[in-house]
Amino acid sequence: DMQGTGLYTQSQGEFSAQAQRLFEAKKVNVLVIDKPGISYDPTFKSSSTFNQFKVDFEVFRQYQLADLSACGVNALKWAILETKRVNPSKIILSGHSEGAIMMGRIFETLQKNESELASKVNTIVLTGTPLNSFKEILFEQVQRNNQSGIRDLLKNRIEKAIQNSDDIFLIDRFSIPSKYLQQAFIDE
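Numbering (the numbering used here), first residue to last: 1124 to 1311.
Incorrect hints may appear among the rest.
Below, a list of computed lysine-lysine pairs in the DSSO-like style, where the Cα atoms sit at most 30 Å apart [what the hints assert, rightly or not]: (1) K1177 with K1235; (2) K1302 with K1177; (3) K1200 with K1177; (4) K1149 with K1177.
Here are the simulated distance ranges between beta carbons [to be verified]: (5) K1278 with N1152: 20 to 30 Å; (6) Q1266 with F1180: 26 to 36 Å; (7) I1215 with N1287: 18 to 28 Å.
The set of hints was computed from the structure by calculation and includes no laboratory data.
Note that CB positions come from ideal geometry on N, CA and C, so glycine has one too.
All chains should be built: construct the whole structure from the sequences, respecting the hints.
Right, here's the structure in full:
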């Protein structure tokens, strides 16, 4: 299960609450994949908006979409091969928003590199699937949240921040590091 863009952990998604109930009833095993560097900790209290999860920015800033896809494939392989608790014939991939994009990429990677494992995926559930590119979505969000006079200036500032790896600006504004956006923009 994977959800959305930016800085938050899967614990904040509605599907997670439903999955938690199914997990507690021993009807499913749930493997949650967060971006590298992000971890949920119900005991952690932060003064920021990122309450109950920790962000290791040095780790978070290093990864791209391809890395996250590889992490997803490796996590799935680990769950099936190492834990022996997963029924390989009942695998469901689920993602919302950016997580939907990632589940598509993870499944595509499985098909290319792990065809036997890909054949065991029973269902793929994609909700809130973006139909536009990352760049279009980012600029659309800028347009919704800013007055027309500063839109173009902000678009130029974003493009320069991505080119110059200005993570301070990008993480502060969008909770996404430059390396992640650089690859997202190239892949489109």
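Worksheet entry | Range agreement (Cβ of F1180 with Cβ of Q1266, hint 26 to 36 Å) | holds, 28 Å
Discussion item. Check whether the Cα positions of K1302 and K1177 lie no farther apart than 30 Å.
Written reply: Since the Cα atoms of K1302 and K1177 sit roughly 20 Å apart, the hinted pair holds (cutoff 30 Å).
Discussion item. Does K1177 sit within 30 Å of K1149, going by the straight-line distance between their CA atoms?
Written reply: holds, 28 Å
Discussion item. Against the 30 Å threshold, does the CA-CA distance of K1177 and K1235 hold or violate the hint?
Written reply: This hinted pair is violated, its Cα atoms lying about 33 Å apart.
Worksheet item: Do K1278 and N1152 keep their Cβ atoms within the hinted range of 20 to 30 Å?
Response: violated, 43 Å
Worksheet item: Holds or violated: K1200 with K1177, Cα cutoff 30 Å?
Response: holds, 25 Å
Worksheet item: Does the hinted range 18 to 28 Å hold for I1215 and N1287 at CB?
Response: violated, 41 Å
Going through the hint list in order, the structure does not satisfy hints 1, 5, 7.
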